[in-house]
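Go ahead and model the full structure; you've got the sequences and the hints to work with.
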Amino acid sequence: MATEDDLKVRDLLVRVLREHDAEILDLWVRAQSERAAVTALGERELRSEAAGVIAALREGLETGLPVGDVVERHAPAREAVVRLSVRRARAGVDPTATALATLALKDTLLDVLREHTDEPGALFSAAITVNRLLDAAGALTFASYVEGREEIIRTQHRQMLELSTPVVRLWRGVLAVPLIGTLDSARTQLVMNGLLEAIQADEAPVAIIDITGVPTVDTVVAHHLLQTVTAVRLMGAECFISGIRPAIAQTITQLGIDLSTITTRATLADALAEAVRLLDADFPDMASERVRSAL
Amino acid sequence: MRPGEASAVDAPVSPVGFTESTHPVRDEPDLLATRHAVRSAAVAAGFDLVGQTMIVTAASELVRNAYIHGGGGTLTISAIGAAHGRRGLRLTVADSGPGIQDVEAALTDGFSTGAGLGHGLGGTRRLVDEFAIDTEAGRGTTVTVVRWVT
Ligand SMILES: Nc1ncnc2c1ncn2[C@@H]1O[C@H](COP(=O)(O)OP(=O)(O)OP(=O)(O)O)[C@@H](O)[C@H]1O
Ligand SMILES: [Mg+2]
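Quick note, the sequences are listed as chains A and B, same order.
Per the UniProt record's numbering, the very first residue in the first sequence carries number 1; after that it's consecutive.
Per the UniProt record's numbering, the very first residue in the second sequence carries number 1; after that it's consecutive.
Careful: at least some of the hints might be erroneous.
Far from chain B, some chain A residues (derived; all Cβ distances over 10 Å) [to be verified]:
| hint | residue |
| --- | --- |
| 1 | R10 |
| 2 | S48 |
| 3 | P246 |
Some, not all, of what chain A presents toward chain B, calculated at C-beta under 8 Å [as the list claims (entries may be wrong)]:
| hint | residue |
| --- | --- |
| 4 | G213 |
| 5 | V214 |
| 6 | T216 |
| 7 | D218 |
| 8 | I244 |
| 9 | I248 |
| 10 | Q250 |
| 11 | T251 |
| 12 | I257 |
| 13 | S260 |
Keep in mind the hints are simulated off the structure, nothing from the lab.
For glycine and all other residues, C-beta sits at the position ideal for the given N, C-alpha and C.
Structure below.
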């Protein structure tokens with residue numbers, strides 16, 4: 001229930017936010033640049049961001065929402081706070097500095113209120129209101145910061161997966177995937193999709209999977225390799241596996257896995273030579289085109 | 001190795017201390033971590049590249065079985081031997097899953113109750129020098145293997 005006093009305090013806060021917004025803005029931005037390592041953000045960005053938060057909070061208060069709910073339920077206020085936080089997460093600002101940003105606004109608002117209010121009673125109520133308003137902002141800042149960092153980690157994880165499974169064009173008509181690390185189901189799916197798409201786009205008759213960078217080939221990795229080879233063959237292309245070191249070859253044999261239906265070579269260079277031989281025999285057109293394009 | 005420390009090559013041949021470590025097998029990242037742990041233990045025990053590759057692959061199979069079929073468990077790596085100058089690694093992979101119904105069948109190449117190739121258990125037996133399975137329906141499975149440095 002909003003009592004008359006509550007309304008008065010809210011009006012006071014709204015008035016201060018409106019009439020002294022430039023002062024609040026200056027003080028808040030200065031407090032942030034002094035206290036925290038937000039240099040990554042730049043003064044201008046910081047100012048426009050701060051102006052957005054201040055305006056959105058004022059509008060939120062004017063809607064008559066309970067003070068503690070303004071940040072959560074007034075969409076522009078929520079968005080402004082989330083944006084502030086996520087931007088810091090992306091810029092690599094640490095969590096403490098990010099939390100300090102909202103705390104600094106609290107201090108700033110209280111300072112400005114103190115300057116423009118003579119009545120101690122009103123000041124006290126206003127301070128409580130400011131706390132209620134910005135505690136919610138602090139909580140939201142932290143939650144969105146964590147969410148922002150997690151988003152970055154997810155993106156980097158995806159990028160790393162993709163980075164580590166690039167399809168390269170070794171030769172006209174010959175694609176290669178140099179695998180590094182392990183080949184779990186998610187990775188296999190990525191490799192397979194990437195390879196099949198590239199085969200189609202390039203109309204490549206041969207693909208080479210190089211496993212020089214795969215330290216352990218157990219039954220699961222072998223199974224995934226076999227599945228990939230089968231998928232490539234279904235597209236009418238040939239698939240070689242290269243980079244099978246002696247220790248790996250002996251281990252695969254002991255596991256009783258039969259790779260005899262697959263063309264395997266010790267090195268990527270050997271596999272490429274084999275691929276070119278195959279192309280010259282089966283695709284003489286491509287060979288002559290190659291010679292032409294080489295000239 | 002830090003400067004000033006004697007290298008393993010320079011050091012007089014002394015009995016290997018009895019070292020043992022236990023590693024959880026709860027999720028996918030643990031599968032990778034256990035492979036790394038076995039790799040370092042194998043290097044420390046003096047396995048050559050083929051030996052390392054084989055024991056790491058055996059560990060990979062057993063640990064994955066404990067994770068997939070046994071619902072998770074533990075891997076214990078023990079450096080053994082020394083007394084007769086023989087050195088090796090013992091791996092004990094234990095889970096408290098459903099147990100293996102028919103051990104004979106499970107060891108047969110191509111037998112899988114899942115979507116695997118069914119070469120894991122039989123292949124592991126060929127990759128090591130000693131192999132034992134202790135399993136009971138409803139109680140779990142413990143597979144112990146030993147590979148000696150050649
Ligand atoms: N720890 C375990 N607990 C319960 N059942 C097991 C366990 N280990 C193996 N099994 C059973 O033995 C079967 C054979 O195991 P094996 O490792 O040879 O093949 P797989 O795991 O099915 O496939 P992969 O070739 O990928 O290893 C499994 O399908 C499973 O039914
Ligand atoms: Mg298995």
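Taking the hints in turn, this is what the structure says about them:
Every beta carbon of chain B lies more than 10 Å from that of R10 of chain A, the smallest distance being close to 51 Å; the non-interface claim holds. Every beta carbon of chain B lies more than 10 Å from that of S48 of chain A, the smallest distance being close to 42 Å; the non-interface claim holds. Separation of P246 of chain A from chain B is inadequate, the least Cβ-Cβ distance of about 7 Å not exceeding the 10 Å criterion. Hint status for G213 of chain A relative to chain B: violated, with the closest Cβ pair at about 14 Å, above 8 Å.
Restraint check, V214 of chain A versus chain B: the minimum CB separation of about 11 Å is more than 8 Å; hint violated. Among the interface hints, the one on T216 of chain A holds; its C-beta lies about 6 Å from the nearest C-beta in chain B, closer than the 8 Å criterion. A distance limit of 8 Å between C-beta atoms decides the matter here; for D218 of chain A the minimum to chain B is near 4 Å, and the interface restraint holds. Because the smallest distance between the Cβ of I244 of chain A and any Cβ of chain B comes to about 12 Å, over 8 Å, the interface hint for this residue is violated.
Taken as an interface hint, I248 of chain A checks out: its beta carbon lies about 6 Å from the nearest beta carbon of chain B, inside 8 Å. With its C-beta approaching chain B no nearer than about 6 Å, Q250 of chain A sits inside the 8 Å limit, and its interface hint holds. Because the beta carbon of T251 of chain A sits about 5 Å from the nearest beta carbon in chain B, less than 8 Å, this interface hint is met. With its C-beta approaching chain B no nearer than about 6 Å, I257 of chain A sits inside the 8 Å limit, and its interface hint holds.
For the restraint placing S260 of chain A at the interface with chain B, the shortest Cβ-Cβ distance is roughly 15 Å, beyond the 8 Å limit, so the hint is violated.
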